[in-house]
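Student: Using the sequences plus the hints, can you model the full thing?
Residue numbers (my numbering), protein chains in the order written: chain G, 1 to 213; chain F, 214 to 394; chain E, 395 to 564.
Take the hints with a grain of salt, since some may be wrong.
[What the hints assert, rightly or not] To be clear about the criterion: a stretch of chain F counts as covered by chain G if any three or more of its residues have a C-beta under 8 Å from a C-beta of chain G, and this derived list gives those stretches:
| id | region |
| --- | --- |
| 1 | 267-274 |
| 2 | 360-372 |
[To be verified] Heads up, simulated SDA-like pairs for lysine to any residue below, C-alpha to C-alpha not over 20 Å straight-line:
| id | chain 1 | residue 1 | chain 2 | residue 2 |
| --- | --- | --- | --- | --- |
| 3 | F | Lys-241 | F | Leu-325 |
| 4 | F | Lys-241 | E | Ala-399 |
| 5 | F | Lys-241 | E | Leu-403 |
| 6 | F | Lys-241 | E | Met-395 |
Keep in mind the hints are simulated off the structure, nothing from the lab. A virtual CB, placed ideally from N, CA and C, is assigned to each residue, including glycine.
If you want the building blocks of each chain, they are given just below.
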Amino acid sequence: MSRRLLAAVALVLGLGAAATDVAPTAASARLAADIAAERDHITAEELAERIMNGRATRLIDLRSEREFAAFHIPTATHADIETLVAADLPRDTPIVLYSEGAPHAAQAWVLLELRGYDDVTFLREGVYEWIARIHEPQLAADATPAERADFGRRAVMTRWFGGQPHVGVPRAELAAGYWTAGEGPPEAREGASAGAAPRSAASLIAGIRRRGC
Amino acid sequence: MSPLVLALVLGLAFGALLEAAGLGRARKLVGQFYFTDLTVLKVLFSALVTAMIGAFWLDRLGVIDLRQVYIPETFVVPQALGGVLFGAGLVLAGLCPGTSCVAAATGRRDGLAVMAGLVLGIVVFNAAFVRIRGFHESTALGTVTLPEALHIGRGSAVALVTLMACGAFALAERLQTGSGQ
Amino acid sequence: MRRDADPYLAGAGIGLVLLAAYAFAGRGLGASGAFASAAATLTAAAIGTEQAAAMPAVADYLPSGLASPLSDWLVWEIVGVAVGAFVSAWRAGRLASVCERGPGIRPATRIGAALAGGAVMGVGAKLARGCTSGQGLSGGALLSVGSWIFIVAAFAAAYACAPLARRLWR
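Tutor: Laid out in structure tokens, this is it:
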């Protein structure tokens, strides 16, 4: 009698285990496709244009409260990843996430997408990219005409946000990011490094705060 | 409880249950391989399935974290060859390392002999180790589990093993009633 | 003398002990490791701790020289196994000073086979990083691939060699 009971319990629990497996869902495949097609992130310029054009966007800063207070992208609100994932955000407003660089924002992107939010993007290189491209853009001393034109375009946005463009910066001191690949005159591109060593977002932000009124 | 005292307590229960099942007696143990007494299969697989299902569900329910439990690594060829040698030695000796202690502790002299043989075999292995080290560490796959290797979910692997074990038990019952205890 | 317990119930009980090991000790049960520890200590006693510790296969088992077994988890466990088995047999009247063997075999032959079989198992267990308790049971329940390779290989080899050893048992 107890043998049968044991067998029954074992079969129920043993076979029941299979029911708890989460099948690789269509969701994962969809997310993977979005990531591969680069639909998951936007650039700082795109974000700046959105804000300037007044498009409704829920911009969320995932760094610490202290970092948020020191500097944040205009119109952003702060959230930490755990409250964000549990929050009941409206699903009709596009959500843009950013953090210091990319990892936390990218992770939050996955978590929100899995919760069914389908208009979520993140800033490709976070607050670092925002400062380097929009808030404190830099023009190299030996800039090409194409670079000057691009800089000029972004400088308009810089002034709109109250930032500070910098010109005549030695190429080796430019803040580097995905945008520096392939930039600059041929001599600079053939160098050992693509021009500049990446600086941290914290040092960029410290540079902003050091400027008094 | 200190880890060593815990080991002792776990061993007490393990030894008592092995003895209660009669596995300290070599003739009963080898009966498995002559189809006359399938106790080894029944005890081994019931224990395996119980622990497997229990560990799975406790982990799923968050009571334990299986990632904190040591899972032995896989070395395909050494473990296959080791298994072959072990199985051959087992029918010769009639007892495995654990049951040899059960046998010795309950008065069986053959148990002591198996224990001595084990130590001897290991000493020989250690002496030859430098020469076979390359082989010993070959075909290492690291920590890999059946669900990962078969590309199925963990729960499905548990279900599969459960089914297989129950099938083995059903077969064992049929075989045993045929040849008698 | 009390009859042997139902194998399924005993097995389930062992499974629960194993589960307790996972939950409270973060590891499974084992046996051959304790013998490896004994072998290492004996080697150290025979040729000196320094020389023994210089052997790569032995070094891991001698963290504290000749006293190493006293701090080895498996050694304490196997001592428990022996004590638990003794108490269980004693309570059930199953203690017996005998040499278990097949009907037509002399004790000396049995002992010789036990020694030889034990030695072969010792080598096999070292190669496999465990035995029926460590790999078969504990590793098997955790679904480790190597453990299952071991289980299949051991059972297959045992069945294949059984006819050759028939005289020992039948």
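Student: Now tell me, hint by hint, if it's right for this structure.
Tutor: Taking the hints in turn, this is what the structure says about them:
1. Given as covered by chain G, the region 267-274 of chain F passes the check, having 3 residues with a CB less than 8 Å from a CB of that chain where 3 are the minimum.
2. Here's how the region 360-372 of chain F fares: 7 of its residues keep a CB closer than 8 Å to some CB of chain G, so the rule of at least three is met and the hint holds.
3. For the hint pairing F:Lys-241 with F:Leu-325, the CA-to-CA distance comes to about 17 Å; that is within 20 Å, so the pair holds.
4. Our distance criterion of 20 Å between C-alpha atoms is met by F:Lys-241 and E:Ala-399, whose separation comes to about 13 Å.
5. Only pairs whose Cα atoms come within 20 Å are accepted, and F:Lys-241 paired with E:Leu-403 is accepted, the gap being roughly 17 Å.
6. A C-alpha spacing of about 16 Å is found between F:Lys-241 and E:Met-395, which places the hinted pair at or below 20 Å, so the restraint holds.
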